[in-house]
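Residue numbers (the numbering used here), protein chains in the order written: chain A, 5 to 639; chain B, 95 to 327.
Just so you know, the hints here were simulated from the structure itself, not pulled from any lab data.
Note that CB positions come from ideal geometry on N, CA and C, so glycine has one too.
Hints are not guaranteed to be accurate.
Label pairs and their in silico Cβ distance ranges [said to hold, decoys possible]:
| id | chain 1 | residue 1 | chain 2 | residue 2 | range |
| --- | --- | --- | --- | --- | --- |
| 1 | A | T608 | B | T245 | 34 to 42 Å |
| 2 | A | R114 | B | K250 | 40 to 48 Å |
| 3 | B | N118 | A | L311 | 50 to 58 Å |
For lysine to aspartate or glutamate, the following EDC-like pairs were computed, each having C-alpha atoms within a straight-line distance of at most 16 Å [as the list claims (entries may be wrong)]:
| id | chain 1 | residue 1 | chain 2 | residue 2 |
| --- | --- | --- | --- | --- |
| 4 | B | K155 | A | D625 |
| 5 | A | K122 | A | E164 |
| 6 | A | K297 | A | E208 |
| 7 | B | K312 | A | D555 |
| 8 | A | K282 | A | D296 |
| 9 | A | K395 | A | E288 |
| 10 | B | K155 | A | D624 |
| 11 | B | K233 | B | D326 |
| 12 | B | K179 | B | D200 |
These are the residues of each chain, in order.
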Amino acid sequence: MKKIFYILLIGVLTLNWGCDDDAFLNRPPTNILTDAQIWNSEEQVLSVLGDLYNRYVDIATFKTINDIPGWTTIGDFNEAFWSEAGRYNAFQNSGWDVRSWAAWDYGYIREMNLFIQKCTAAEKLDPGVKARFLAEARFLRASYYFELVKRMGGVPLILEPLTYDFSGDPSYLQHPRAKESEIYDFVISEAEAIKADLPANVGEKSRATKAAALAMEARAALYAASIAKYGVNTPSVALPGGEVGIPASMAQGYYTKALAAAKAIIDGSVGAYGLYTKKPDLSENFASIFYDKANNPEVIFVEDYKLQSGKVHYFTGWNQPRYGAEEEEGGRINPSLNFVEAFEKLDNTFAPIPTVNAAGTPLYYDNQVDIFAGRDARLAGTVMLPGTTFKGRAVDIWAGFQLGNGTIVSGDDRGAQKTLPGKTVPEQVVGFDGPIDGFEFTAQTGFYLRKYLDPVVGSGQRGVNSEVWLVRYRFAEVLLNAAEAAFHLGQLPVAAEYMNMVRARAGLVTPLKAADINFDRIVHERRVELAFEGHYLYDMKRWRIAHQIMDGNAISQAELSKDLGKATKRNTQPYGLWSYKIYNPGSPTNGKWIYKVTRLSRVTGADRFQLGNYYSYISDDVVNNNPKIVRNPNH
Amino acid sequence: MKVTVQLLTIFLLGFVMLSCSKDNFTDPKSTLTGQIVYNGEPIGVEFNQVRLQLWQPGFGKLAPIDAPVDQDGSYSALLFNGNYKLVVPSGRGPFRTIQQDASKKDTLYVALSGNQTLDVEVQPYYMIRNASFNGGEGKVAATLKLEKIITGVNAKDVEHVSLFINKTNFVSRATNIGVADLNAADLKDLNAISLTVSVPALVPAQDYVFARVGVKIKDVEDMVFSPVQKIDL
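One chain only, chain A, in its complex shape (with noise of 0.2 Å):
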């Protein structure tokens, strides 16, 4: 029986080798696309080209890269407090590493200039749609290359995908890095050379337009220029051979070429962008430009996301208000007051917020947000004030009770009750949003971030999330490029024209005039109008003014509220403004609010910029594979 078995067995086995032939072995694979099927089809080139949209870097994002989550990016550079546990040391510590901001990624690179090699060859795509796409990568690999320069300075400017032989010598492979200005002068040219295939739609905001590589093009030029103009401030900041540095004969070119840009999406040529303007409450209408998706104008290229798409992001539910969070968490984002300062009256003059008079003596507020009446409508779509609301409900961000002998009542919980003198029932002593000291989720600076959170239900839980946008390239920063440009061209009225298109957007209806518009103006319209979106780096490093705004001195509460308008006001430590209500029965003031500047018990360090940090340290490990690299100066 056992002999049978065998012998079957083995009979099997022979069998099978029989069918064992060529078209068995020889299928096409099941998860992989060959290039020709990829390249012949129109949607599979797409979905290509989605990816590398996809690997599009920002340095402010809502994406956790490297484990550093997204909100970090945008809440950097003592805009704001960081109101979570683990990360106070941000406060503690006196600056930023070397190697902070660093990007070398040739790999991205290399995919992009093969996608532009085979798209090239391929025969069988529309003309048309062929061009566009083609268009679309070189953009792409444009963006990242002005991504790179802002970070690094110049970098070898690789436009074919290399490949290496095997011979034994990689040195044909190792190209030594442009100039600064070669960069800038490539992402130029590449707008330029491109903008003819895009499409001018003003409804496509995730794939590149005529006007975004516009934007990028006059984004690029303006911050060539301000390197070449203000390079002179920081003399140890360049490098002999051009890699870091740009000559400052070059600044005029450069913003003659930003002006053009800017000034080709301002007037219509290339579809009608414009101002948002749909809303009647101003700072509701500065806060709908992150969220509202349908129709809207004013922005130009925006990193989109979809609900229930698989691309979503939790930016809401790290920083929504804590009290009636969707989760338990929230409130991550605390601008700083050092930030809520920074916002004009609307008569144009800047002011402290008024906490006490004159005298010395605590003003005393009615509603909690009053103290915050006739200024900028931008602060309040930037900055989520006590006493406003958030998807219906009111923050109940308040400190404590401070009693008519000037002894404060507060707890340290969120809503936390206590006793009052005189009465016999505890009651709530301190908001259920804070601000307590070294409470993680509360506004310990008593603020909350409001710009790019979603107020649609469900926004803030972990199972839902949110699609707002991240905007890139948005038509006020096309207009604040080109006032900056047209004031370093001397054209004053141009520049005033269209900072106050910006400003009355934000009710500030008085127009500057020519004569008003400085440098100071410039570096303060930015710097409120596009808080928070990844701009506020940039342009301290382009303007080599980083290093005087962070220089690593504490700031004093008494130096806090002074030159408020000024470019290179010091800005090292975040302060937070913390109100209490007046419980003094009898009293006229009681019930009533009153507000202190406070420091923050977390906060010990003081931020020092280093001239090191202006362009990001390159890894010894690109020098060790490529000895021509130029090491960057002052590492």
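Chain A is fixed; fit chain B onto it per the hints.
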């Protein structure tokens, strides 16, 4: 019984593994120490800001060994014996390095065998002379002279002179409890500079502070400092 055997095996295995974990390299034993000096006088800098780099060629990929410079200008590195190149990263330190010749530039070649002391001679922009401090009544006062060392085309101006105090021995821009700045515009005479800073309330109370003066030079990252001194209040 079976369990005992298994446990014994694991125990023995653990013991064997433990023995195996002994490093097969000897650890570096030679110490290179020294100070940053000008004519033999040490130059004070900020803690953990200025560093020297040691490069050892000949072992494939290069990466520097950093030797941070302490507040009193001293540095040390624990190394294997061998040939090293010692450099100051460009643009760091409140001084200029000395060019030795065309081929070496400012690199110091160090042949290390056993412990060695090597002072690095540099040219500071300024030297702080005769810094003296006295404290009392909640204030610390300092007087000093400033000597301009580098003159000519490479000379740089003073941006400000600062008096720092701290509760501990580490006194710098990043760690202090009080600063008094004297800007260049108010700097009349480099030979007679005086600064006063008031001491804030110290928690927990202590009846002394540490103080030092620093000079910020225009367009130079790092400041040059006087030695730290303990001041009784």
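Do the hints match the structure? See the list:
no., hint, verdict
1, A/T608 <-> B/T245: 34 to 42 Å, "holds (40 Å)"
2, A/R114 <-> B/K250: 40 to 48 Å, "holds (44 Å)"
3, B/N118 <-> A/L311: 50 to 58 Å, "holds (57 Å)"
4, B/K155 <-> A/D625, "holds (8 Å)"
5, A/K122 <-> A/E164, "holds (11 Å)"
6, A/K297 <-> A/E208, "holds (11 Å)"
7, B/K312 <-> A/D555, "holds (13 Å)"
8, A/K282 <-> A/D296, "holds (10 Å)"
9, A/K395 <-> A/E288, "holds (12 Å)"
10, B/K155 <-> A/D624, "holds (9 Å)"
11, B/K233 <-> B/D326, "holds (10 Å)"
12, B/K179 <-> B/D200, "holds (10 Å)"
Hint check: no violations occur; every hint is consistent with the structure.
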